[in-house]
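Got chain R sorted already, so can you dock chain P onto it with the hints?
Taken in sequence, the protein lines are chains R and P. Position one of the first sequence corresponds to residue 1 (the working numbering), numbered consecutively onward. Position one of the second sequence corresponds to residue 1 (the working numbering), numbered consecutively onward.
No wet-lab data here; the hints were simulated from the structure. In this text the structure is predicted, and so the values were computed from the model without any measurement. All C-beta atoms, glycine included, are put in the ideal place defined by N, C-alpha and C. Do not take every clue at face value.
Unchecked claim - Pulled a few chain P residues facing chain R out of the computed Cβ check, cut under 10 Å:
hint : residue
1    : V49
2    : I80
3    : P83
4    : E84
5    : T86
6    : I105
7    : L109
8    : S111
9    : R230
10   : F321
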Amino acid sequence: MSITVETMAPVPTRPWRNSRATGMRNLGAIVLAAICGAAINQVTGLSGFLGLFLAAAFLFPVFVAVANAKRGANVVTDRIASAVIAVAFIAVTIPWLSIFITVFQKGSEAFHSSYLTDDMRITPSGDDLQYGGIAHAMVGTLLMVIVATIISVPFGIIAAIYIVEVKGRFAGLIRFLVQAMSGVPSIVAGLFVYSTVVIFFGGFSAWAGAVALSILMLPTVARTSEEVLKLVSVDLRTSSAALGATQARTVFTVVIPTVASGLITAAVLGVARVVGETAPLILTSSYFVATSTNLNDPIASLPIYIFSSLGLGDQNATARAWGGALVLLGLVFFFFLLTRIFSSRIKRK
Amino acid sequence: MGLPFTVSCEHYGVQTTVPEKRSIENNLTRVDKVFQNLVTLGAFFSMVVLAAIGGFLLYRGFEIFKDFGFSFITGSKWDIGNPEDTSTAILGIGAMLVGSIITAIIAVLLSVPFAVATALLIEFYVPGWIKTILVSILDLVAALPSVVFGIWGYAVLLPLVEDWSVTIEHYLGWIPIFNVPSGIFGRSPFLAGLLLSLMIVPIITSVAREVYSQAPRDLIDAASALGGTRWGALRAVVLPFGRSGLVGGTMLGLGRALGETVAVYLTLNLVFEINFKILASAGGNVASLIATKFGEATEYELKALMASGLVLFLVTLLVNFGATMIVNKSRKIV
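One chain only, chain R, in its complex shape:
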């Protein structure tokens, strides 16, 4: 007969987990701050939602301090710091939320049944909102982004392979240059392409726009690919080498297939980064009102559509700009979701 002794291993707790009492005190302070904020909001000039928030934001840390006053200076400082951090975070998310909400509200006004399939060929921007659409801009953006992807993704992945796989003498330098390249202002990339591609070929073209976008896309792709390639375990590489494979074979048949979804994530992140770039396209692909697939001519794009509609000052044109912004936001959101899906797939491996 054996005796089994059951021991309970202590569950690791996170340090400084709030006790229930602290939680209740915080909740009380929030409610009180909200009530007093609302009162101030009614009585004084701090009106509107922002006024309410501002008043409550200043009162909350004060109330928290008062609630904890009995527990000593250190605790009071700690609670005030927590309150200020929370308030600061909420303060910075309010404008971001406002962006999403405003774009959605104002953007949906411009939508009509054939908004996504019409273009502006026969419609002046100031025309009624039931005419015209953004098909031309979507086609143009799509074409340029595809070409930019084809140019930049191979170079980005090659730079990553050089840093992670080949581990050449210049790996540090290349990583440094790629990081520096990610800081090139988009308008400078546009000026550069204007001074080369546009001037050599004698005019604005979709090609030029795509080249400008690819310059901006490359660093994102390279850096993400580098992170992704580092995830491949060394065992896989050494096993492959032990079986007699050359490095090239190892890279192409072992490393890259292992992290294929990660590399796709890198490409999609790059696309999300450049799909809304405006400044370089002003200088390279310009704008065109009709749907066009000719890459040698100026072509429409969503950002320029927004930008040029906004510049007109006309009410309907401005509404169109918001509509374009909504579609652009939707595109960015879509690409962003794609990256999440692909990167969750790689984590599961």
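Then chain P, alone, in the frame of chain R:
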């Protein structure tokens, strides 16, 4: 699995000869040589692009530097004069350069406290699943196109900031930078800086978060075990540890703010005069200047825009080099 005793060969009269060290050869096959050389070649593409950007902008704008010399950077006047006669032109981006720096500094000053707070909140205050959500949100905001920020800043933020500016000027107008003698508020450096700060908070936050997450865990736990408060540990361990990383992240944000075009174009009124009154509707910005003047520029003016592009490129490159070096260094400590 070590043996419990050691065997000494000499006791048994066995002579051993130590074999000579085998030299390991690592000759690459021809395929690998080609592969490595090709990859190396491709990897230098980024250097080629950077060099080409600098080279071509210098080539196109060289005439301007030759004609104006240093006064192109210090002068604040932008006058093409007679379009037929380039010698009548007076071109200088001094006001624009100063304006760019003012706007970017406002953006950085406004964003750093919020970025630090957000980074601390994500790393040390919220449970794991909320952390995942918040990181996703920050990544999404970082990917928002600048034209979306711009259109929002113009339509929503502009009227609000105009109201606030009037109030600030009313109470703090005796401080020179808040004084607005012209009485015209609106598309001011403050508005542009505020909008830019919203754009760079995610950038600074993500760098700060990365550095803070590497803060020595044992020191934090020790602080907890000694009965210290959370803020005590953050102030004594995490914040000092992450200081240089935060500086690097801030400089990355500064670089982004300096080069931002469309958001500034829509929210800043360009005036060719150095102006430190941040609430007045008059400011300068190199990137915005290029976008504004490009449409109807004469050939000579275009060269001047190329030259301003080169100046902007060099300034942002310098800031980014510094930022990258600081960030990489703070990564290496760990």
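Hints, one by one, checked against the model:
Given hint, P:V49 at the interface with chain R, holds; its Cβ is 6 Å from that chain's nearest Cβ, closer than 10 Å. Hint status for P:I80 relative to chain R: violated, with the closest Cβ pair at about 19 Å, above 10 Å. Below 10 Å, beta-carbon pairs count as interface contacts, and P:P83 has none with chain R, the closest being about 20 Å; its hint is therefore violated. With a cut of 10 Å, the hint placing P:E84 at the interface with chain R is violated, because the nearest CB-to-CB distance is about 22 Å.
Interface hint status for P:T86: violated, as the beta-carbon distance to the closest one in chain R is roughly 18 Å, over 10 Å. Interface hint status for P:I105: violated, as the beta-carbon distance to the closest one in chain R is roughly 17 Å, over 10 Å. At a threshold of 10 Å, the smallest CB-CB gap from P:L109 to chain R is about 14 Å, leaving the interface hint violated. Because the closest C-beta pair between P:S111 and chain R is about 8 Å apart, less than 10 Å, the hint holds.
Taking 10 Å as the C-beta contact cut-off toward chain R, the hint placing P:R230 at the interface holds, the least distance being around 4 Å. Because the closest C-beta pair between P:F321 and chain R is about 6 Å apart, less than 10 Å, the hint holds.
Going down the numbered hints, you'll see the structure goes against 2, 3, 4, 5, 6, 7, while the others check out.
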